[in-house]
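A.B. asks: As a plain string of letters, each chain reads:
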Amino acid sequence: MKKDNLGMWLFLASEILIFGVLIFLFQLTYFSNIADFKSASHDLHFYHGTFNTVVLLTSSYFVALSEHTHRRFFLLLAIALGFVFLGVKGYEYYDLTMEGKFPLHFLPMAKGKILFFSYYGFMTFLHLIHVLIGMSFLAYAWYEKEDHKLQQNVGLYWHFVDIVWVFLYPLFYLLGH
Amino acid sequence: MDIQTKHIHLNFLALLLLLASTIAFSFLGPDSLKEYSTYGFAILKSLLILFIFMGIGHTRKLSLLYAVLALITLGILITFVLDDVMFRA
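Chains as they are written, first to last, in this note's numbering: chain A, 1 to 177; chain B, 1001 to 1089.
In short, the hints are calculated from the structure, not lab data. Check the hints yourself; a few may be wrong.
[What the hints assert, rightly or not] Capping the alpha-carbon separation at 27 Å, the derived lysine-lysine pairs in DSS-like fashion look like this:
1) A:K145 / B:K1006
2) A:K149 / B:K1006
3) A:K111 / A:K38
4) A:K89 / A:K38
5) A:K111 / A:K89
[As the list claims (entries may be wrong)] What follows is a list of derived Cβ distance ranges for each label pair:
6) B:A1024 / A:K38: 10 to 20 Å
7) A:F24 / B:I1003: 33 to 43 Å
8) A:E144 / B:I1072: 41 to 51 Å
[Unchecked claim] With the C-beta cut set under 7 Å, the calculated list includes, among others, these residues of chain B facing chain A:
9) Q1004
10) T1005
11) L1015
12) S1026
13) F1027
14) T1038
15) A1042
16) K1045
17) I1049
18) F1053
19) M1054
Note that the structure is a prediction, hence the values are computed from the model and not measured. Just so it is clear, CB atoms sit at the ideal spot from N, CA and C, and this is done for glycine as well.
Could you build all of it, start to finish, from the sequences and the hints given here?
C.D. replies: Structure, rendered in structure tokens:
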């Protein structure tokens, strides 16, 4: 860990606290609504979640390559993949809304299912905002071509966003299988 | 291509392999272990991202540790998948 990145690491630690608490609360609620949570997870679109996981892992790979090879072209690829992630997520939200499950629960549902979709909505939307912020940072790092410290810090942030998704994916999409 | 770039390429492949293992385990693994295994895989993937992509532990000893961890995970996965296939047969 370098001195230049200390501020970013402290910031990431605070972010870990936020997502850590949410994941912990999700687990607590899950243990008292196991059947409903599994059934609700089965209602989610597994292929969308899996595709988005591959997209984020690939974008992280490009960011790591960009940091190491100092080729900014990889940053553009990572931003493009960020847009793909947003597109798939938007389509998934639209689909769930049309099915009446999210975000206002139009259909009558078991209490456990409502809780699951509330967690799903809040946590994935919070992650989505982080992806958007990360994409803006990546674009700024691409613009500031000589600032390697900035690129390193932006890279750390983007990898963190990736790690959060790595935990959200099994939590929501694999629970019901 | 230097050694660090090679590590980044290999790490990406390892992450995809772990993702495939996570999915396979959650569909085929024994019910009692499914949840723990998916979290286990998520932790393993995070470690790979943290150590290789974020570059905080780029040493040979740690690389060896990841390789051992990945092999153990793969071994457990193969055992459970085989067990499941044989049980169904």
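A.B. asks: A separate judgement is required for each hint: does it hold in the structure or not?
C.D. replies: These are the hints, each one checked on the structure:
| no. | hint | in the structure |
| --- | --- | --- |
| 1 | A:K145 / B:K1006 | holds (24 Å) |
| 2 | A:K149 / B:K1006 | holds (22 Å) |
| 3 | A:K111 / A:K38 | holds (13 Å) |
| 4 | A:K89 / A:K38 | holds (21 Å) |
| 5 | A:K111 / A:K89 | holds (25 Å) |
| 6 | B:A1024 / A:K38: 10 to 20 Å | holds (19 Å) |
| 7 | A:F24 / B:I1003: 33 to 43 Å | holds (38 Å) |
| 8 | A:E144 / B:I1072: 41 to 51 Å | holds (42 Å) |
| 9 | Q1004 | holds (6 Å) |
| 10 | T1005 | holds (6 Å) |
| 11 | L1015 | holds (5 Å) |
| 12 | S1026 | holds (4 Å) |
| 13 | F1027 | holds (5 Å) |
| 14 | T1038 | holds (4 Å) |
| 15 | A1042 | holds (5 Å) |
| 16 | K1045 | holds (5 Å) |
| 17 | I1049 | holds (5 Å) |
| 18 | F1053 | holds (4 Å) |
| 19 | M1054 | holds (5 Å) |
In summary, the structure agrees with every hint in the numbered list given earlier.
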